[in-house]
Amino acid sequence: KTFETIDPRTREVIARIAEGDKEDVELAVKAARQAFDHGPWPRLPGSERGRIMMKFADLLEENAEELAALDTIDCGKLFSVGKAMDIPYAANTLRYYAGAADKVHGEVLKMSRQLHGYTLLEPIGVVGHIIPWNHPIFMFFMKVSPTLAAGCTMVVKPAEQTPLSALYYAYLARLAGIPEGVLNVITGFGPTAGAAISSHMDIDAVSFTGSTEIGRKVMQAAAESNLKVVSLELGGKSPLIIFDDIADVDMAAQLAIFGIMFNKGEACVASSRVYVQEGIYDEFVKKLVEKAKAWIVGDPFDPKTQQGPQ
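Numbering (the working numbering), first residue to last: 2 to 311.
Some hints here could point you the wrong way.
[What the hints assert, rightly or not] Once the Cα atoms are required to be at most 30 Å apart in a straight line, the calculated BS3-like pairs of lysine-lysine come out as:
#  : residue 1 : residue 2
1  : K84       : K56
2  : K294      : K31
3  : K292      : K238
4  : K31       : K84
5  : K56       : K104
6  : K305      : K294
7  : K292      : K305
8  : K23       : K104
9  : K287      : K238
10 : K238      : K265
[Stated by the list, open to error] Pair ranges (Cβ atoms, derived):
#  : residue 1 : residue 2 : range
11 : E67       : E267      : 41 to 47 Å
12 : V290      : M202      : 52 to 58 Å
13 : E123      : E66       : 35 to 41 Å
Worth flagging that the hints you see were computed from the coordinates, not collected in a lab. In this text, a Cβ means the ideal position worked out from N, Cα and C, and glycines have one as well.
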């Protein structure tokens, strides 16, 4: 069973993608569990995991053109932003956590003159990651990088709207030397594949980024299954507050329009509310309207475009 992924610029079908369901999630979890319980990844020294992650980061940069273009046709994101910001951010995130991989350790605690206690930090096991469509690169590596560094294995479900880049990352992970079963990508829909990940009894932790409504369902499924650890990054309503003692109202309007329109406003920290003090309100609104009218929506491959058809 497959589904279409659509180029938002042209509304043309890019490819047909495998539609993973509960049975596919089961196979992916079994592979991740086998890799965790019996595979080399959790047993490698942290320095070796870090070395492989560094190679992964290098491969991202070597394939930056293709990866940025992939998100442009699959998501409508600006090609220039993908190449100049998203890919470097992903590579740097991998390198940051690669540097942390050999620094995961416990403590020895003096309890009394006769007794000492110690703590030992160990990988939690199999982790499920459910990723949104608005930042396919950011979200993938924000979740996958620390999971790799800790020595965990994982099942990753990208958003059904933007599945292509995650499949490419899984391919690059194998080229970097990450063993089979460590990074498993399942393409599919939230009510089937996503729900199966959230409720699976053999997934030890689940991470979700998306709406508050679905976040509640993920938490409920986690609680009703095996009380797995849950990490949620949900919708925000970020206010921008501008006082009338500001020296440059035009700059305030420029920053506001960027905060509102960047990534088509599809970000948890987008400036979705703007509070302006009365003394500069009219001037600010006038400048904001001018800048909004001048905002360029168009082909995301065109360097002049400020917003693609996400």
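Notebook entry, point to check: Any of the earlier hints contradicted here, and which numbers?
Noted result: 2, 4, 8, 11
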